[in-house]
Amino acid sequence: MLNDDQRKIRIAKRAAEEITDGTVVNLGVGIPTLVANYVADKNVYLQSENGILGVGPYPEPGQEDLELINAGRKHVTVLPGASFFDSAESFAQIRGGHIGCTIIGGLQVSETGDLANWLVPGKDVLGVGGAMDLVIGAAKVIIATQHATKSGGAKIIPACTLPLTAKNAVDMIVTEYAVFHFEAGRLILDEITSDTTLEEIAALTTANYTVSPRLKVREVSQDA
Amino acid sequence: MVRIMTATEAVTEIKSGSSIMVGGFGRVGSPEVLLDALAAHDAKDLTIIGNDLGSHNEGVGVILLQDKIKKAIGSFFTPNPDAAKYYREGKIEIELIPQGNFAEAIRAAGAGLGGFLSPVGVGTELAKDHQIFTIKGTEYLLQEPISADYAFVRAKKADTLGNLVYSKSARNFNPIMATAAKVCIAEVDEIVEPGELSPEDIITPFLYVDILVKRGDRPC
Chain A
1 MLNDDQRKIR IAKRAAEEIT DGTVVNLGVG IPTLVANYVA DKNVYLQSEN GILGVGPYPE
61 PGQEDLELIN AGRKHVTVLP GASFFDSAES FAQIRGGHIG CTIIGGLQVS ETGDLANWLV
121 PGKDVLGVGG AMDLVIGAAK VIIATQHATK SGGAKIIPAC TLPLTAKNAV DMIVTEYAVF
181 HFEAGRLILD EITSDTTLEE IAALTTANYT VSPRLKVREV SQDA
Chain B
1001 MVRIMTATEA VTEIKSGSSI MVGGFGRVGS PEVLLDALAA HDAKDLTIIG NDLGSHNEGV
1061 GVILLQDKIK KAIGSFFTPN PDAAKYYREG KIEIELIPQG NFAEAIRAAG AGLGGFLSPV
1121 GVGTELAKDH QIFTIKGTEY LLQEPISADY AFVRAKKADT LGNLVYSKSA RNFNPIMATA
1181 AKVCIAEVDE IVEPGELSPE DIITPFLYVD ILVKRGDRPC
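Heads up: the sequence lines are chains A and B, in that order.
Reminder that position 21 of the first sequence reads as 21 in the working numbering, one-by-one numbering, no gaps.
One rule links them: number in the working numbering = place in the second sequence (from 1) + 1000.
Because the hints were derived from the structure by calculation, they are not lab data.
There's no promise every hint is true.
To be verified - Coverage of chain B stretches by chain A, computed from C-beta distances (three or more under 8 angstroms per stretch; other residues unrestricted):
no., region
1, 1080-1087
2, 1140-1152
3, 1164-1173
What the hints assert, rightly or not - Derived BS3-like pairs: lysine-lysine, alpha-carbon spacing no greater than 27 angstroms straight-line:
no., chain 1, residue 1, chain 2, residue 2
4, A, LYS74, B, LYS1156
5, B, LYS1157, B, LYS1070
6, A, LYS123, B, LYS1070
Glycine included, C-beta positions come from ideal geometry on N, C-alpha and C.
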């Protein structure tokens, strides 16, 4: 069994492969943040919705700039060519389809591409942030999530039971065991890892999906 | 004409029941000297319009713990656990808006628009109080503009006319809030003479700004 960190790293590495050279990307909090560690071989420009295009690595301890944070409220640096802008301009970039890709976490994804990722049942309705804007606006929406809940329940399901973030908004799902994409409103399984089987994926996935005739098996080890 | 005064003087006319926009994303770009002055002022039943409510006993969070906030309008109140506590106890109303719709609603108010149509939020529970329109086959919700009595804005520098420049990610909601309130109060590190700020660098032209407050020595 993979531990939590191994799952997260595996998901982040696989999601990073979906980012093409030269893309502007907005990364959500959680697993998506880790994706930045695996794109060093490409020209990838990170947009942060609090008003930065060209976010750089985290600063060394003691080198933090108090006026420079990302949307996850972590201190960051900026790269040469970075720009700053206000929040309305930032979301115009997002809503206007100028962000090539967003990678964001998910609590549930439905078989029609609906996403629920902002509200846990029993919690108060107190924070939505930019999640709804990003999944509606970004050209490509990748959900980076563990395949099942902590208790083993399915997260890729026929219809979301949690409050929706957006309808029909998801393009791709990357988990520690599988990659799916949506095509004409249908969910297609494109890839599984070498340490699972189609039967195990089916057991963890209650959504209806089609196995791609070109299904890939991705060789993985416990640490990758 | 812009007036230059202390933070205490700047907030003294704020009455109970007023609405106040507060710039900042977490602590970055938060007008902390003005919030300190508001904490020392007696106005209550305030409507606070801001992305968040600060953190526990920090930023706007101080005003919350003083029971002076009646309603908060914004997008992300989760980082302040007191917001959840006050909400559950019925001591505060919350209006939650997706962050981009929130920012654009403020911009719309400052730009004299009656609102705008956004695809964001359609089909979710945050759309429940909004009219839905279908334009060329896509559903949009009507987001009305958001304005306020006061805007508390944090900028890096001003000139004596009230032109403002910002610093890095401390810009965030500040420039749009400066446009959308009856009275815009800007807290700045430094005030210089007209001509010292490059016209190319000025983000908020002086016509939006009513009052300038110099921060003094408060650490950021």
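Cross-check of the supplied hints:
{"no.": "1", "hint": "1080-1087", "in the structure": "holds (count 3)"}
{"no.": "2", "hint": "1140-1152", "in the structure": "violated (count 0)"}
{"no.": "3", "hint": "1164-1173", "in the structure": "holds (count 8)"}
{"no.": "4", "hint": "LYS74(A) with LYS1156(B)", "in the structure": "holds, 21 angstroms"}
{"no.": "5", "hint": "LYS1157(B) with LYS1070(B)", "in the structure": "violated, 32 angstroms"}
{"no.": "6", "hint": "LYS123(A) with LYS1070(B)", "in the structure": "holds, 21 angstroms"}
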